[in-house]
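Going down the list, the sequences are from chains A and B.
Just remember that the working numbering sits 112 ahead of the position in the first sequence, which is counted from 1.
Just remember that the working numbering sits 39 ahead of the position in the second sequence, which is counted from 1.
In case anyone wonders, no lab produced these hints; they're calculated from the structure.
Predicted model, so just to flag it, every value in this text is computed and none were measured.
Among the clues, some could well be false.
Said to hold, decoys possible - Residues from chain B that keep clear of chain A, each with C-beta distances beyond 10 Å, as calculated:
(1) L325
(2) Q468
(3) L608
Said to hold, decoys possible - Computed beta-carbon distance windows for the label pairs:
(4) A/G352 - B/R656: 38 to 46 Å
(5) A/H620 - B/R656: 23 to 31 Å
(6) B/A209 - A/A643: 51 to 59 Å
Stated by the list, open to error - Below, computed lysine to any residue pairings styled on SDA-like, alpha-carbon distance capped at 20 Å:
(7) A/K612 - A/L542
(8) B/K620 - B/I632
(9) A/K629 - A/A615
(10) B/K68 - A/L557
(11) A/K612 - B/V104
(12) B/K653 - A/D544
(13) A/K612 - A/P553
(14) A/K612 - B/D642
(15) B/K246 - B/Q154
(16) B/K68 - A/Q550
(17) B/K213 - B/I632
(18) B/K213 - B/P278
(19) A/K612 - B/K653
(20) B/K653 - A/K629
(21) B/K204 - B/D414
(22) B/K653 - A/W608
(23) B/K212 - B/L650
(24) A/K612 - A/W656
(25) B/K653 - A/L542
(26) B/K653 - A/A461
(27) B/K212 - B/L597
(28) B/K204 - B/K246
(29) B/K68 - B/F184
(30) B/K68 - A/A554
(31) B/K591 - B/F577
(32) B/K653 - A/P553
(33) A/K612 - B/N649
(34) B/K653 - A/L619
(35) A/K612 - B/T615
(36) B/K653 - B/I632
(37) A/K612 - B/L622
(38) B/K68 - A/P553
(39) A/K629 - A/G207
(40) A/K612 - B/V669
For each residue, glycine too, the CB sits at the ideal point set by N, CA and C.
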Amino acid sequence: MNEVCFGTQGAQSRTLGASRADATESDGKHAGRVDVERDSSGGMWNRERIVSEAVAQILGTVKYIVPETILILAVCVSFLAGPFLVSERGEAPAGLRHKWGWLALIAITLSGLAWWNQSAEPMNYPNGPFQLDSLALFVRGLSLASAAILVLIGWNQIDDAHAAEFHACLLLISAGVTLTAAANDIIALFLALELVSIPTYVLLYLPRRDAAAQEATTKYFLLSVFSSAILLYGMSFLFGVTGTTNLTAIQAAITTGAGGAMPAVLLLAIVAVVAGLCFRLTAVPFHFYAPDVFQGAPTTGAAMLAFVPKIAGFVALLRLIAFPVDVSRNSNWSLVGMALPLLTVVAIASMLVGNLVALLQTNVKRLLAWSSISHAGYMLVGIVAGPTTTGSVNGTDALLFYLVAYGAMTIGVFAALAALGRGGRSYETLDDLAGLSQSHPAIALLMTVFLFSLTGLPPTAGFLGKLNLFLAAWSGSSVSKTLAIVLAVNAGIAAWYYLKVVATMYLHPLRRPSEGKVEMPALVGLALCAAATLGFFALPNLLWTIIRGS
Amino acid sequence: MSEPIDQLTAWLIPLAPLASAVIIALFGKLFGEGSHRLTVTGLLIAFFCAARVLVMKETSDGTGVVLRGPEWMSVGALQIFADIRIDTMTAIMLCMVTFVSTLVAIYASGYMHGQPGYPRFFAALSLFVFSMCMLVLSNNFLMLFVFWEAVGLCSYLLIGFWFSKPSAAAAAKKAFVVNRIGDFGFMMGIFLLLMTFGTLDYDSVFKMAGDVAEQHPQTITIICLLLFVGAMGKSAQAPLHVWLPDAMEGPTPVSALIHAATMVTAGVYMVARCTPLFVHAPTAQLVVAGVGAVTALLAAFMGMTQYDLKRVLAYSTVSQLGLMFLGLGSAVVSHDLATAAVTASMFHLFTHAFFKALLFLGAGSVMHAMGDVIDMRRFSGLRRLMPKTHITFLCGSLALAGFPLLSGFWSKDEVLAAVMAGTHEGTHQGYFKLLAAAGLITSLLTAFYTFRAYFMTFWGEERIPEEAGHHAHESPASMTTPLMILAIPALLIGGLLGPTGFFGNFLGHTVGLGHEGEHHLHWDVMAISAGVALAGIFGAWLFYVQSPGLAKAGRTALAPLYHLSLNQLYLDQLFTWIIVKPLWVLGWIGLMIERFVIDALLDFIAWVPNLVGKALRPLQNGLVQSYALVMALGLAAILAAMMLR
C-alpha cells in the first residue's frame, strides 16, 4: 500500500483540488488537466493543447495495461472467429472446446508473463486514467490465476459450439477486474466494473440453457443493473462535490476539506457508492440474489460469481473509500471516516445473516452462497480495521490475504462439484455428497481441505486468513475490537455447517454411485486450489511479499 | 585417513528410509507385496551411509561434527536448528540400527507374506527407522524429544498392526499411555533444562553443566531424575515396564527390531548421551543404578515361569535393559571409572541388539511354523524339524546366557565389573554390594530361563500343535538367511570389539566421555560370571531335559513364588485397582456432567442460531421484485440512519 500513500501525498502536495480551484498549473512535465472550463477563455490554441496533453497522458498510461490488452486481443479473436467455426444449425466439430480452452490458457499465460515483468511505479501520470501500484499488481496476479482455474473448471462444462464465447467472457471478466484495480479515474473504474458485469450475464446463461439458469441470469441481470445505477448515482455526487473524476484528485480534495461545504451530499455519495459495491460483495442487505443465482447458475458461473466480483468490489472499495489517509494531515473529512459506521453495520449483518441462514441449507451451492455472504462480512472487518493499525498486520493487508485464501477454498469446492458432475445432474445437494469418501476418496479429501479452510482450521490458508483479520481488528479501536469478537463467534457458528458437509461425505452411507471418470481439467483446477490452500499456510511469506509489494 | 563427513552422506541415513516410507504410504497399493523392496533398498542405502560415516574423518579421529540444518523455529531467544550431530556414539548406534533393521526388513518380507496391510507394515517400519536415526542424530533436546515421540508413534502403529484383534489394540494403547507417563517426566526435565541453561543444544548444555552444578546442585539432580523418568518409560524400567510384555502382540519382526534391539534402548542411549550431566548428579546416578538393578532382578524373576516364548524374551529384554542402567548408574563410583561404566553399558546395548534380535526372529520363525502358536507347552522337540532355526536360536541363547567367550559374556562381564568396582571403592560400598548381588543373581536367572525356553522348544519329544496343520516346516530362506547372518555378530562381535579395547577407545571420543585408559580384563569377574552362566544352563538342562519331574516338583514346592512370577507380581492388577479404576470413576463423573449439564447448555446455544435462521428465511422468497424492494429499503434505511446520526 506504500505506493498508494505515495501517490496520495504527491497529489496532496500539488493541491490538485477541484476544477474550481486555482487552474494555473504550470508544472511543465505532466501538468495537463482536462479541464473544460478553461477553454471558454482559451480558444483554439488552448483546446489543442488540452487535447494533446490528454492524448499524452493516455499514451503514457497505456503501458500500464499491457496484460489486459493481451487478454482483450484474445477475446477479439474468439468473438470474431468463433461463429465461423459453428454451422448455422449450431453444430460444431467435436473437441472444438479444447482448442478454445487452450487459446484462453495461452492468453492468460502471455498476460501473466507481461504481469511478471511489470513492477510497481510511482504515479508518473497522476491525472491519467490508470496507475500501477502494488495493489494493482497484486489484483492482476490474483485475477489471472483465478481466470486460469475457472477456464479449467469450465473446460468440459461448456459444449463445443459455445466454447469460444464462454472462454472469451471469462477473459473479459478477468480483464475487467484488473482494470478496476488499475483505474485512477471513476469513469475508468465504472467502465471496468461493467466489464465484469456484462460478460457475467452471458456466462451465467451460456453453459446450460434451461429454465433454472434463465431465471438465475434474469435475476442477476436486473439486480446488477439496479446496483450499477446506484453506484453511478453515488459517483455522480462524488464528481459533483469534488468537480473531478480523477481518483487522486478526489482523494486530495476530500482530505484537504474541499468537500466540506457539502457534507450531506458527500454522505449521500458514500452511501450510494458503498451500497452499489456491496451488491458485488454480496453483503447484507444487498445479498438477496446470491442464493437463488448460485443455485440456478451452472457450477463454473457460480464459482466465478462467488469470487471474482468480490475482488472487483473490494478493490473498488479500497480505491474509492478506504484509501490511506496521511495521519499527520488528517482532516475530519476522510471518506473512510464517514463510511466506517456504515461498513461496520454491514459487516456485522453480513456475518450474522450469512452464517445463521446457512445453518439450514441442504443444497451445497446455496450453502456456499450464504457462506459467501458471511465471508464478505469477514473481509469487511479488514476494511474497518483499516490500513493503519498498530498490530503485526494491518486491516487492508489482512483483507488481501484473506481474499486469496477465500478464492482458493471457495473455487476449490465448486471445482470439486464440477469435477464430479460429468453429464447428467450436477452434484449439489448434501444427499449427492453422502458417502463421497467411498466413491471418490481423493475428491472427498480435497473437499475436506477446502471446508476446513472455510471453517478456519489449520493447516490451511483460511486459518491464517481469519487469524490475520482477527489480529488486525483486535489491535484497532473499540469498534473494531467488537468486530473481532463478532468474527470469532461467527467462525464458531460457521463450523457447524461446513463440518456437516464433511460428516456427510465421510460418515453417511453412499447414496449416489460413481458415474465414471472425473473431469481431468477440473481436477487440475482442484489441485491448484488445494495447493494454494495448503501452500499459503506453509509459506505465507510468498503471499505477503506480493501484497506488501516488497 | 579419509574424507570428511559431507551433508549428503549424513542426511541420506535418515532420509532414505523416510523416502521409502512416504512412497509406500502414498502408492502402497501399486507395490502390494513388493513393498518390502523399497524398504530394504532405503535401509540398505542408510546402512551403507552409516558404515561410511563410521570410517570417515570426523568419526575415526574422534572429533565428531555438527552439520548445520535449516532453522526449525525461533521463539524469543531460543533458536532451534534442525542440526544433525555425528560422533562416535552416534555412528555406532546408526550402524547397529540400520544393520539390524535391514535384516529384520528382509525377514519380515517372508514373515508378513500374505498379510493384509503388507504395505502399511513396511511404511511404518521405514518411518520407524527414520525416526530412530533422527533420534540418534539429534543435536538438541527438543529434536531428541520430537523423535522420541515419533518412535513411540511408530511403535504404537506397529504393535497395533493387527488392530482388529482386541488384545493388539489394547496393547498398543497401553504402550502409548504408559510411555506418556515417562514422557511427562522427560518433558518436565527438558523444560527445567531450558529454564536453567537457556539453551537446548547438547554442546552448550554439557559445557555449562559444571558451572551450573556448582551453583545449583539440586537443580541438576532434579533434571537428571526427570530425564531418567522419560528413559524409564521408553526403556521399560520398573514400574513402567508393564507395556513391553504386552507389546509382543505386534508382529514378531517388530518385537525384534523395536521392542528388543533399537527403540527400547533409546532410554539407555539418552542417559549415556547425558553422562556429562549425570556425573554432576550422584544421587540421580544412584537412583539409576538402583532402578536398573531392581528391574533386572524382577524381570528375570518374572521371565522364569512364562509359557509364551515371546514373553520370556520380552522379560529378558526388560532385565537386560535393567543391567544397562545398572552399569550407567555405576559411573558414580569414581571419576576414573565413569567412562568404563558408560562404555560397558553402551557395549552391552550394542551386543544385546544382535543376539536379542536373533532370538526374537528365531521365536518368530517357530511361531510361523507352528501356525501362530507361541505357547511353549503346546510344542516341543523342534530341533530336527527346524534345524536352521534351532542352531541360530542356540547361538542367541548362548550369547544371552553369557556363555564364556560369546558376545553377551564380554559385555555383561564389563557391566558387572563396573558394578563390582563399587563394592570396594567410593562412598556407597554397602549399596553396591546389594547391586552386585542383584546383577549376579540376574545373570544366573537369565541363563536359566533362556535355556528353559530353548530346551522346552527344541528338545524333548516332537510335538506340533494342530494349528500348524500337516505342513509344519522350516521357514523360507528370506527368514533363515537373516537369522544366520545375525548369528555371526551374536557369537563373535563381543569378543572382537570388547577385550581388544576397540569399542571402548572408539566410544571414548564422544563428548563427555574421557579415555578409558588401559583396558583391563577382569579375570575374577569373568570367572564368576562364567560359572554363574554355566550353572544356570546346567540347571535348565537338569529341570527340563534330564528329569522333567523336577520342574513339576519345584513348582509345587515353591507355589507362592511360582504364582507370583507367573502373574508378573500382580502388577497389572495392582495398577488396575489403584490407578485405572479411580480414573475410570472420575471419567464417569465427567461423562455425566458432560451429558446433563454441558450438552444441554450447548444444545440450547445451538438451537438459538437455528431459530434466528428460520426467522430470516421468509425474506428469501425468490421474487426478484421483492429483492429489489428490500435492497432499496435497505439503502433508504442506511441513508436515513447516516443522515440523522
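Need the list of violated hint numbers for this structure, in ascending order.
6, 9, 11, 12, 15, 17, 20, 23, 24, 27, 28, 29, 32, 34, 35, 36, 37, 40
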